[in-house]
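Chains as they are written, first to last, in this note's numbering: chain R, 86 to 282; chain G, 86 to 282; chain C, -5 to 246.
Watch out, some of these pointers could steer you wrong.
Straight-line C-alpha distance at most 30 angstroms; calculated DSS-like pairs for lysine-lysine [unchecked claim]:
| id | chain 1 | residue 1 | chain 2 | residue 2 |
| --- | --- | --- | --- | --- |
| 1 | R | Lys176 | C | Lys124 |
| 2 | C | Lys201 | G | Lys176 |
| 3 | C | Lys124 | G | Lys269 |
Selected chain R positions facing chain G (in silico; Cβ < 7 angstroms) [to be verified]:
| id | residue |
| --- | --- |
| 4 | Lys103 |
| 5 | Ile104 |
| 6 | Glu106 |
| 7 | Glu139 |
| 8 | Tyr142 |
| 9 | Gly146 |
| 10 | Val147 |
| 11 | Ala157 |
| 12 | Thr160 |
| 13 | Ile164 |
| 14 | Gly248 |
| 15 | Asn253 |
| 16 | Pro256 |
| 17 | Asp260 |
Hints in this document: simulated from the structure, not taken from any laboratory.
Virtual Cβ for every residue (Gly too), placed ideally from N, Cα, C.
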Amino acid sequence: MNTDQKNINELEFNFKQKIIEAFIFASSEPVSYSELKERVNDVNVLDQILKILEKEYSSRGVNFCKINNTYAFRTSSEISEYLNIEKVVSKPLSRAATETLSIIAYHQPVTRSEIENIRGVSLSRGTLDVLLELGWVQPGPRRSTPGNPLTWKTSNLFLDYFGLREINELPGIDDLKNSGLLDKNKIIFNDEPVNDE
Amino acid sequence: MNTDQKNINELEFNFKQKIIEAFIFASSEPVSYSELKERVNDVNVLDQILKILEKEYSSRGVNFCKINNTYAFRTSSEISEYLNIEKVVSKPLSRAATETLSIIAYHQPVTRSEIENIRGVSLSRGTLDVLLELGWVQPGPRRSTPGNPLTWKTSNLFLDYFGLREINELPGIDDLKNSGLLDKNKIIFNDEPVNDE
Amino acid sequence: MENIQNQQVNILSLSLDGFEGPIDLLLSLARDHKIDLTKLSILKLAEQYLEFLDNIINKDIDIAAEYLVMGAWLAFLKSKLLLPIENDENLENIENLSELLEFQMKRLEGVQHVSKLLFNRHQLGTHFFKNGNPEVFNVSNKFQYNLTLYDLIKTYGSIVTKNEGETITIANTKLFSVENALIRLKQILKDTNDWKNLLDFIPKNIKNELENKSALASHFVASLELAKEGDVNIRQDSFKDEILLSSKNINN
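Please construct the entire structure, taking both the sequences and the accompanying hints into account.
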């Protein structure tokens, strides 16, 4: 084998290795050996690639793992203990909480009874708790009205989370209307979709 | 500094690097710099780690990507044709939406009436809505002109989607800039503030 | 040359819907006639735009106002360009306006160009991918909420909407009125010397089916009205045959 040929083979091998690496990374589940074989027809080459990947990732923060007959990337165990990994359940915020949050965001500082007034239903205890726990809302100044009720406002964490620099970057009612978010008007007797205002 | 001390420092550095690597690698969405800073208190160390990771992964099948002030691992686009991963086929955007997106991207931050001015046509309902729903655009600071109109800008999600590190990497942006086409002061039609509902 | 231009105007006129506004139309006129934007003749372009508009108006009176506004503006500019220039100030004004128009067209062209470049890029989830099987590090809580700014805004929007009460708007239905049909029939019959099928009187460029049906109904009612007034003859030789109309003053 001459040098050129050797270089070409090496390039091809590297390329195949990259494909296997990327494929396993992007897959939503551990990938079986037979699936990988479909990508790299040569079993010898595949075995070699898998061995190399395992070695290259062995001292990294992420390891290349063989689990039964499947392959996946997993956080190295020495790190995972330290970082406390959990499969996190991502769940939607309840409707009540979302509505309450949006009212606090737009009307802050706002008292509990004002929130109830706007939503037209009473605020259950847990709703504000969820928002407090998330760190998205915080108590504001007390009102100087009878009873000195506490007000609520959004936190810096809230701004951070939604990528806003300040609260007045929230689109106003007019902006909402213009972007079609407020479909206030019901249109009747219309035989075709309306495209324009 | 004696050899032992040096070794200890090195070990610590390696451990921190592994944590950062695992943290970003295991997450599917970009991780912000401030989140990383919480893990590694020393900013110099963090910057060094990020530089090393970028280099170490630059020739792999999975690359370390900087997206504005966030970090993520993404499969290398050089092997894109060979990956054959099930793609999410998204509905193509309307011409109005793609042009509006481009105007927001290249002219940002830009107000609604500026967008209308550039396209010479009023922005129909739903156009901004689509882009907002995709998470590609977000509100920016309000203008200090009369009426304090809201501006729009692109999000990190937008950069991530198009594989851009920052806005300056937008294709063709230098040409637009050099030919003066990003000049916001030249206005001809609709030069009065658009009378929004 | 004249021929080719007319042809193109016709092709364009079939698809006004395809243009995203008057500047877009101007831009594509400039492109179709291979006008270099840097050596743009505003006069020539204004003429083309107006010619195009004339053509459209004949076929479809219902043109977006913005096309007409731009048309009026261009007509004004054209007249200024054609008239002898009286003073320097005037000249400067015209040059300024032409320059701004040129700028707008170039800018839109720029936007359309980069739009293509942008969507030609590799895209996440199509050409490159994120970690398909993510793990999540969690410091304190087991739940992660995914609320987007869009959700938040939309939620607030619906609260506001609910509280403001509902308004019902009756959509602008595009029905063809009998009045319009009457005017049309009279107009066309004036120049007709023969029996003509009722269907031929109905405007051809109606795309909406409901509107088309209403046009047929209105024209039929209008023809009966005209017959009652004695202005028109109606003939149908047998059931399911064509309904023919002719003006009263020809007898055959």
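(Q) Let's test the interface hint: is any C-beta of chain G closer than 7 angstroms to that of Thr160/R? (A) With a closest approach of 4 angstroms, the Thr160/R hint holds.
Q: May I ask you to test the interface hint for Glu139/R with respect to chain G, counting a Cβ-Cβ separation under 7 angstroms as satisfied?
A: violated (14 angstroms)
Q. Quick one, is the Asn253/R hint okay against chain G at 7 angstroms, beta carbons?
A. Nearest chain G Cβ about 6 angstroms off; hint holds.
Q: Tell me if Ile164/R is really an interface residue toward chain G, meaning its C-beta lies closer than 7 angstroms to one of theirs.
A: holds (5 angstroms)
Q) Once the shortest beta carbon distance from Ala157/R to chain G is found, is it less than 7 angstroms? A) Since the shortest Cβ distance to chain G is 11 angstroms, the answer is violated.
Q: Using Cβ atoms only, decide whether Gly248/R comes closer than 7 angstroms to chain G, and label the hint accordingly.
A: holds (6 angstroms)
Q) Taking 30 angstroms as the top limit, are the C-alpha atoms of Lys124/C and Lys269/G close enough? A) violated (36 angstroms)
Q: For the hint on Pro256/R, just tell me whether its beta-carbon gets within less than 7 angstroms of chain G.
A: holds (5 angstroms)
(Q) Given a cut of 7 angstroms on the nearest C-beta pair, is the interface hint for Glu106/R held or broken against chain G? (A) holds (3 angstroms)
Q | Interface hint outcome for Ile104/R [beta carbon to chain G under 7 angstroms] | A | holds (5 angstroms)
Q) Taking 7 angstroms as the limit, does the beta-carbon of Lys103/R come near enough to a beta-carbon in chain G? A) holds (3 angstroms)
Q) CA of Lys176/R to CA of Lys124/C, is that 30 angstroms or under? A) Roughly 21 angstroms separates the two Cα atoms, so the pair holds.
The structure does not agree with the numbered hints 3, 7, 8, 11 stated previously, though it agrees with the rest.
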